[in-house]
Amino acid sequence: MSDRKAPPLVEMRDVSVAFGGIQAVDNVTVDLYPGEVVGLLGHNGAGKSTLIKCLSGAYKMDAGEILIDGERAEIGNPRDARAYNIETIYQTLALADNLDAASNLFLGRELVTPMGFVNDAQMEAETRRIMGRLNSNFKKFKDPVKALSGGQRQSVAIARAVYFNARILIMDEPTAALGPQETEMVAELIKELKSQGIGIFLIEHDIHNVMKLCDRASVMKNGKLVGTVNVDEVTDEDILGMIILGKTPEAA
Amino acid sequence: MTEASASGTSTGRKNIFKTLEFDTRLLGMVGAFVVVCLIFNVLTDGRFLTSRNVFNLTIQTVSVAIMATGMVFVIVTRHIDLSVGSLLATCSAMMAITQTQFLPSLGFDYSNPMIAVLAIVVGLVTGALIGAFHGWLIGYLTIPAFIVTLGGLLVWRNVAWYLTTGQTIGPLNDTFQTLGGIGGTMGVTASWIFGAIAVAATCYAIWQARRARVAHEFPVKPVWAEAVLMLICSVLILGFIGMLNAYEVPSRVLERGFEARGEVMPEGYTEGYGVPYSVLLLVAVAVVMTLVAQRTRLGRYIFATGGNPDAAELSGINTRLLTVKVFAIMGTLCALAALVASARLSFHSNDIGTLDELRVIAAAVIGGTALAGGIGTIYGAILGALIMQSLQSGMAMVGVDAPFQNIVVGAVLVLAVLVDIIYRKRTGDA
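So the protein lines, in turn, are chains A and B.
Everything in the first sequence is counted per our numbering, starting at 1 for the first residue and increasing by one.
Everything in the second sequence is counted per our numbering, starting at 1001 for the first residue and increasing by one.
Hints in this document: simulated from the structure, not taken from any laboratory.
Per label pair, the in silico range of CB-to-CB distance:
| no. | chain 1 | residue 1 | chain 2 | residue 2 | range |
| --- | --- | --- | --- | --- | --- |
| 1 | B | L1415 | A | D236 | 52 to 62 Å |
| 2 | B | I1193 | A | P114 | 22 to 32 Å |
| 3 | B | I1422 | A | K212 | 41 to 51 Å |
Keep in mind that this is a model prediction, so the values were computed, not measured.
Quick reminder that beta carbons are idealized off the backbone N, C-alpha and C, glycines included.
Isolated chain B (complex conformation):
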């Protein structure tokens, strides 16, 4: 709906990208990402693009990427949320206390998997309620989002501190920890099956979209263009999964696993990690959020309100309630991010999520979300998060001093927005 796709109605010869109806912005971002990866790969003598580093990069990105998808909605409706890092800390504290203190005190066994489920529910409810409360202050009491969430930045950071008295709480429940990344992966076979399903779903979606257009006798791109698109998507998905599968569990860890079961590890036995559950969670969030953005009334209203709040209001859209919904979604996603972040650390720490609000906003903005509202994509925000994390960890691998790392990241953020402005002016694009 808002993507910069080529119009496809004009006839005659066009260049190949137009025929494929690729989003040129998306291509630009992917191009930037590839360049970053290649440069770091050269600078680190090939260590950057090893399966181990790709795996780590992926699980490091998940938490920020999950929140960035929600930040897209917030920024598209012309608001901002500065409190996501603090909200993450409060949700994390609530989940940690629930599983280590509250539920055990009710007689739950400490390692009971139900503890993880209940803790997650408590976290999600906390996030949704706080987010909805922010939305109510902004939508109904008309306090600017900047102020509400700036206040929230201080309030929720210190609510988390108060709840935990500043202590680090851990270790967290074993089942809970499987959503952190390396602590819970699908294994090679399941990952390939997941990959196959993802490829099938992608191809089906592309085909279905074409059929809908044919059914209404709209112009469609040539079959070969659809086929190329399917092929590219399939290669990307399977290549990514192949990379994660290639990262092998260290043999000492495997040996310990066999010993625990009272067996002896066979000679030359190996096992790949495969897709982490946290990445699976991110994929699920991305799919759901994209569906909401493009295929539901809620998404349509979010973009309409961002494009012209008065028009939306006059069209009968309840923009106040919409604000509450958008911030409730943001809060829920903060809770999911808190789950992933604390599970990855295996404990709740007092400084968890510090400065995440800036990373999340930067990811959304680098991913093409316009602060003026009305424009933004979910995949862009996730790609933005990935680019930020690549820069950060790439520079750490190269051995760039910490102050320079932050200087570069800050400069890149400003530069990315400048490039975006120039791009929009050139193309006259929305």
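Okay, chain A solo, but in the shape it has when bound:
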């Protein structure tokens, strides 16, 4: 477990978000320390994705605050989030299908020549370098990402986070679209990122992945936080109980 003396890397305090009359996130507090993986669990519609999109800048909070390294952070859009080294890997694989891997990796942060033109050759070289490290089977550098498999596309998305030195990584069901082998690859990657001191929020449905990858798990139900537990102090049934019944286990 990580060092708890320093302030948490991220603390989302008393966050509330409403859409119309529906309270999607209701007064939720979660935190994340460096080198830690915190699982966010709950049914579909429990509010996990909404909560985390406040951190990535895609949604605005109605109430509450976000603290990064103990200091209040204003995150109004995805650009602000990037400035805090928050990178997000979305469930829907937020890639532009018609562009190649390099264009996607550098989207919004293109390398440019002194003349101000995008430097495609340089970006492709950087992409080849980082993909060689993450997924050495990756060869399709010239094709639009539409032509790639789910795992290859996911590795592009992860490469984007790694390349830009994320400190805080948000992964929204990173293995949902993947086969077993590719899931294993992502799991290895998460462990490696963790060892580099990156804090990871992992939204995950597969309870086995949660038990294997996460240090702590925060469970949400109907927009409210049920509780946060240390994964190695509970069983998977305890966590399922939290998700389904919304009750906190005795041990936690």
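Put chain B on the given structure of chain A with help from the hints.
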């Protein structure tokens, strides 16, 4: 970036087109264009491919082709612009009024070349502002582009009418008219020099692209393939310029020119027209727009937004502002097209640019721009405009009745999109 180039990473024997890394779609379009030209050439007993007709075809295409390059950006970002013909009319009216009424009333001499410059500036600003306004309505107020520009189609057509009270305004300034086509050409020598520069620039660009790939140790195609590519480009450029140069100024026009200078024309004196300035303008627009599309962040964001608007937004791209920029570019290009169109006529008429929106959209779509967004090329749109104009004027030369001309053009548009859909399915291409 989005072209369907062969992947070049696999080894082993491949067919010649793959080695050359030709865009097969581009080849298809060029093939269609060549077939159209050849058929009309046979049907007109060789009149279609005379230098005179090629010259006319070229200057007739310029106005629509300029707007089609902008329409590529609009359609790539999943929007549409139905107002370009009307916007062209408003820009044309503004330029005509500026040069014939407003500036002379300020004491400018009617034939002063500065009048043309100022009129063009007024036109470009008008086009850019109206385009940006459309973009603001679409991007920030989230009104669908179809509705905004459908409204614009009515509004700007009738703003032009109101400005000119429906009158034809002309003749336009002499300097202004040189951008219309036959009224302003480079002459033979300058055209060849321009051709040589174009060939050199093309070869340099091909070579530079290769060097960049070599520098990063990426696979490159064999040197002979690059050489063949350079040769083909050079032959096409010089052949086109040779064709325009071969179109000779009628001797009566030349005689008048000599008489005006108080000289006598020597026996057997001839002069070719060469490249019209309007074509030069189109080439400049095409180069700039291609650079924007492929080599700038703006272009990258346009294609990314078209491919996946959510991904673009989440990547920190300001897609609303991007919409404003795209429509401002479209408006500016409408103003340039208005310049060429009114200069070619030598006056502003109330119906200028009518139905151009449909020609422009058709040109972009025939040129391979996908209405679903994310895919399209500038050269494709220009080629599309050329194919449309060839069909239209070819049928007119053959003597096809006007209703049948439009029926054929409409059918060709639908057919072209069908062929494109089948092609994409076959190749699994983006």
